[in-house]
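Numbering (the numbering used here), first residue to last: 16 to 471.
Hint data in this document are derived by calculation from the structure and do not stem from the laboratory.
Any given hint could be a false lead.
To be verified - EDC-like, lysine to aspartate or glutamate: derived pairs with alpha carbons at most 20 Å apart:
1) Lys91 to Glu428
2) Lys438 to Glu168
3) Lys438 to Asp96
4) Lys438 to Glu428
5) Lys438 to Glu147
6) Lys438 to Asp23
7) Lys438 to Glu66
8) Lys469 to Asp188
9) Lys91 to Glu105
To be verified - Using C-beta positions, here's what the derived DEER-type ranges look like:
10) Pro212 to Asp304: 37 to 45 Å
11) Ser383 to Pro321: 14 to 22 Å
12) Leu185 to Asp339: 50 to 58 Å
13) Ala341 to Thr381: 28 to 36 Å
14) Arg107 to Arg22: 17 to 25 Å
15) Ala181 to Gln109: 33 to 41 Å
16) Glu147 to Ala208: 21 to 29 Å
17) Asp358 to Asn173: 34 to 42 Å
18) His233 to Ala157: 36 to 44 Å
19) Ala176 to Pro285: 44 to 52 Å
20) Leu412 to Pro212: 52 to 60 Å
No residue lacks a Cβ here, since even glycine has one placed at the ideal position from N, Cα and C.
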Amino acid sequence: MRDAHARDPLPDWAVRATRLHALGQLLQAHRVEIAAAIHADFGNRPTEETELLEIFPSLSAVRHALRHGRRWMRPKRRRADLLFLPARTELRPQPLGVVGIIVPWNYPLYLAVGPLVDALAAGNRVMLKMSEYTPHFSTLFAALVARHFEPEEVVVANGDAAVGQAFAALPFDHLLFTGSTAVGHHVMRAAAANLTPVTLELGGKSPAIVGPGARLEHAAERIMFGKLVNAGQTCIAPDYVLLPRARMGEFIDAARAATARLYPDLARNPQYASIATDRHYARLSVLRDEAHAAGATVEALSDAAPDPTRRLLPPVLLTNVHDDMAVMREEIFGPLLPVVPYDTLDEAIAYVAARAHPLALYLFETDSALIERVLAHTHAGGVSVNDTLYHIAQHGLPFGGVGASGMGGYHGEAGFRTFSHLKPVFRQARWNGAGLLNPPYGARFRRMLDVLLKRG
């Protein structure tokens, strides 16, 4: 790949568009196979969810890049400082070279294709390391990529954690990792040995704040939607709810009613996803049971019972929780939802601000002043107001974390910039005053410098 990049370090738009079209054709031609492979890996992943949350946004990202990529790659004129006129300045987007992408198991298509689109639009060659926890899809995707791309354009690597460690240690020109904070530490250390710049999309405990002026039934439905798609196995799923103390009972009833509307007859509903692995199912069961043993109240949101053989984990609310519980310290990544009461909105803001910056924050409120107060006094990778998840679907907004939830971002033009070097170029004019700045420095230079220093 490095040799191929050296031969063509700045692919024109026709080359980039051809690669993007190939990716779009891959997605369109193999939709059924992709959904079936992901379903096989999860045990049950609804085709509708895969099409809505993975295939559609992947295709949408391809179309967006094809529509705007030519404009993104044009040099951007900048105004030269007054002292240097009539010189011209510009920023020239330049491909970084070979980009590495480490893909997680929870959305194995979208979290591969999303950054892949941005990297290809920016003119790079790309290597992807797929998750070993989605073997059916990872094998299929490797075969499809090999069929639609030359190996010097895009290539897929599969394998276990040892392969992942070796992959992260390769001397990429940029490395993007999506996954847990714990593994993110290892990836960053491996990349540091090569001074490889990284984009880390991690996670954390994303709060949903229900404000005092929220429409409670709406808030409950949108929170349960964001929590229960993919059975909560979403990096930006609401991880806990902050709720006015007086509305606790009302919210529990509304969440139960919302769950029944979204997933009627949940125990037999094929549109409710399975937990992806036995290990993950066991971890979630322990989180729930330990919280209950430590004094939390488990509020069932359906009549369904847990079924380990199908890895069916019914959703529950957890009330009377406290910060010593593992469910309040760890990212949950499943259909367990703690609810924390507050007495004032400032108390809720302080609760969020005292913890590691989350990947997402959700706020339900109708008072504009209160919305602005929360936005001004909290940090999060991204925010949706009066809804959940949908900030990630906006091509005009970067997706990324801050602090412990990650660094850098991608999507749309932001992703194009992530995978480009914006090379500054200064073009000196034939007739210019540069000689006035040359030594030897005499009295005339001293007078000119005094003027410049006064102007600042």
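Here's how the hints hold up against the structure:
A distance of roughly 13 Å separates the Cα atoms of Lys91 and Glu428; the hinted pair therefore holds under the 20 Å criterion. The straight-line distance between the Cα atoms of Lys438 and Glu168 is roughly 23 Å, outside the 20 Å bound, and the hint therefore fails. At most 20 Å may separate the alpha-carbon atoms for a hinted pair to count; Lys438 and Asp96 meet this at roughly 18 Å. The straight-line distance between the Cα atoms of Lys438 and Glu428 is roughly 16 Å, inside the 20 Å bound, and the hint therefore holds.
Straight-line distance between C-alpha atoms of Lys438 and Glu147 comes to about 37 Å, which puts the hinted pair past the 20 Å bound. For a cut-off of 20 Å, the pair hint linking Lys438 to Asp23 stands: about 17 Å separates their Cα positions. Between Lys438 and Glu66 the alpha-carbon distance is near 38 Å, which puts this suggested pair outside the 20 Å criterion. A C-alpha spacing of about 43 Å is found between Lys469 and Asp188, which places the hinted pair above 20 Å, so the restraint is violated.
For the proposed pair Lys91 and Glu105, the alpha carbon gap of about 5 Å is at most 20 Å, so the pair holds. Our hint of 37 to 45 Å for Pro212 and Asp304 holds, since their Cβ atoms are close to 42 Å apart. For the pair Ser383 and Pro321, the beta carbons lie near 42 Å from each other, so the given range of 14 to 22 Å is not met. Range check, Leu185 to Asp339: Cβ separation about 41 Å, and the 50 to 58 Å hint is violated.
The hinted range of 28 to 36 Å is satisfied by Ala341 and Thr381, whose Cβ atoms lie roughly 35 Å apart. About 20 Å separates the C-beta atoms of Arg107 and Arg22, a value consistent with the hinted range of 17 to 25 Å. Look at Ala181 against Gln109: about 28 Å separates their beta carbons, and that is not inside 33 to 41 Å. For Glu147 and Ala208, the hinted distance range of 21 to 29 Å is satisfied, since their beta carbons lie about 23 Å from each other.
For Asp358 and Asn173, the hinted distance range of 34 to 42 Å is not satisfied, since their beta carbons lie about 52 Å from each other. Taking 36 to 44 Å as the suggested C-beta distance range, the pair His233 and Ala157 conforms, at roughly 43 Å. Distance hint check: the CB atoms of Ala176 and Pro285 are about 32 Å apart, inconsistent with the given range 44 to 52 Å. Under the hint 52 to 60 Å, the C-beta atoms of Leu412 and Pro212, about 22 Å apart, miss the expected range.
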